[in-house]
Amino acid sequence: MDAREADYANFVRARTHALLRSAYLLTGDQHLAEDLVQEALARTHRAWLRLERPEYAEAYARKVMYHAQVSLWRRPKVAEVLPGEIESEPAGDDPADATVERLALRRALLALTAKQRAVIVLRYFEDHTEAEAAQLLGISVSTVKTQTARALDRLRALVPDLRALTGEQQK
Amino acid sequence: MTDRLREALRDLADSVEPADLYDRAVHRSRRIARREATIGTGVALAAIVLLASGLWRLPEGKTKEPPYALRSAATATTAPASPRPPATTHRVPAPTHRASASAAAKRHKNQPQVAPTTASPRSRSLADLPGHIFYQQAGADPDVVRLSPGGGGVETVLPKAPSPVGISPDGHIIAYAEGGALLVEHAGGPPEQLATGVSTDDQPPAWSPDGDRLLVESGSAPAVLEVGSGTLTPLAGPLADGQHFRWSGDGSALVYATSFCSLKVAAGGSDTSVPVLGDRQPADNPDGLAACKPTSVDATGGRVTVPLQSTGETGADGPDTADAVVDTATGQVVALPVTGSVVGTSFDPAGRLLVRSRHGDVTTLSLFAPDGKLLVQATEPARLRGLDLLAYTR
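Taken in order, these protein sequences are the chains called A and R.
Here the first sequence stands for residues 36 to 206, numbered as in the numbering used here.
Here the second sequence stands for residues 32 to 425, numbered as in the numbering used here.
Be aware that one or more of the hints could be misleading.
[Stated by the list, open to error] Below, in silico cross-link-like pairs of lysine to aspartate or glutamate (DMTMM-like), each with a Cα-Cα straight-line distance of 25 Å or less:
(1) A:Lys150 to A:Asp188
(2) A:Lys180 to R:Asp201
(3) A:Lys150 to R:Asp201
(4) A:Lys180 to R:Asp315
(5) A:Lys150 to R:Glu38
(6) A:Lys180 to R:Asp318
(7) A:Lys150 to A:Glu167
(8) A:Lys180 to R:Asp243
(9) A:Lys150 to A:Glu161
(10) A:Lys180 to R:Asp233
(11) R:Lys191 to A:Asp37
(12) R:Lys404 to R:Asp233
(13) A:Lys180 to R:Glu48
(14) A:Lys180 to R:Asp272
(15) A:Lys150 to R:Asp34
(16) A:Lys150 to R:Asp42
(17) A:Lys150 to A:Glu40
[Claimed, not checked] Which chain R residues face chain A? A few, computed with CB under 10 Å, are given here:
(18) Arg41
(19) Ala44
(20) Asp45
(21) His58
(22) Ser60
(23) Gly219
(24) Pro222
(25) Glu223
(26) Gln224
(27) Glu344
(28) Thr352
(29) Thr410
(30) Arg414
(31) Leu415
Worth flagging that the hints you see were computed from the coordinates, not collected in a lab.
Note that the Cβ used here is the ideal one computed from N, Cα and C, for glycine as well.
Produce the complete structure using the sequences and hints provided.
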């Protein structure tokens, strides 16, 4: 293994899990997340010579990952989830409650469009600014704002308990 | 307010199981490479046929007239631009473009190319490569380096460039912006201020082929600066929304990018979109290719060098170094008959195409005449390996 390949191997082994965490939120499924990250890492491998600096690699891989999601935007949406279909027992200190909350959030995220899911992950998981999210997704800042607002509205509608997560008081 | 959402997302992300994807990613990368190589071989074979048949030719006719699009679309502010007659020539797509377009049914980034056995250079000596080749370091504040193969060697012409730079067509003047001031430096001389209120985010300084004008970004809009008088003339109409303008070698056309990373050509008073690139319809742009930053244009505006990007990206996302040649009439990526991966491409004002390719540890410079003949093919000095190709000039 030459030095460049070793650098790439080190990069993959160091950053795969971080990429998988984002990919899991984007896809809601372990296998789909692995496929998404695999594709991003493969494209990064193809571009490794051009990247020149290893520190650019993760940004490149994340961009590929999100753009792969962009291509999914044109596909039919996942099955509609209506309000009330998702169990929304208030979460307490019980570990079981936390599990319920996690499942509810996962299902609610899957009910969003891929674009809405991407902006939520970028804004509230990766802590990007609206401008950074817009640049990464190749859309305007106003679109990011619109999609974020719609996504939050939808999350609140799908899982009333999620209102607490997004700052809105339950009525 | 949204802290709990953040916390819940982190908690949900913890659900994912660790996985070692190294082998899978490398395997997938190799599959992609094999697929591209298969298609690339076909494209290269088609290129061989085209080269052998002499179809890879460009119109040799030139005019020194400036782009008519500029005259018709510009609105003088500080002083009227000198009257110019409309250009008499029209953009004629190079025959190679249509031919290669039909041959290359699909376009791919970083497509491996196979050297045609029929293309042997007139010279394999670097000293026979005319003109100057400019490079810059990757990253912020790069040094700008000039290689003058004809005896000048390698020298740093602008250390720690504060902005993207524009190299004059003769390779002797470098323009850049610092603190909003547009500065030009003659070889070794002190910087001279030409204008203020200039930025380079969407428009690095771009010299006209005669060296008399610079296309710059002034007040967040593109404008033409008369170097002699300092007069700034903003572009108007559709051109006002363009970015990364580049002049054709004969000055009759401007190629520029839109904010959606498609390309347009302004020539003969009209504004024409380059097909395919930036098109978000998979049926029309199956590979999702886009071009946000044209870097040089051939003699007539028929071909342009670009760093290929993907739809959805912006100019800020992509590299500044061109790695492909695109036919402006068809939007097709032109197959380049060189070995290895193309890591740089640039036209000089005469329409000669310099291709920088890398195979293993060896970087090769190949210079093609406007008619497609391979003039010089030589190994690049190893000390330039870590730099990016910036421009090729007379």
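task: Could you check the structure against the hints above and give me the numbers of any it violates, in ascending order?
output: 2, 3, 4, 6, 8, 11, 12, 13, 17, 23, 24, 25, 26, 29, 30, 31
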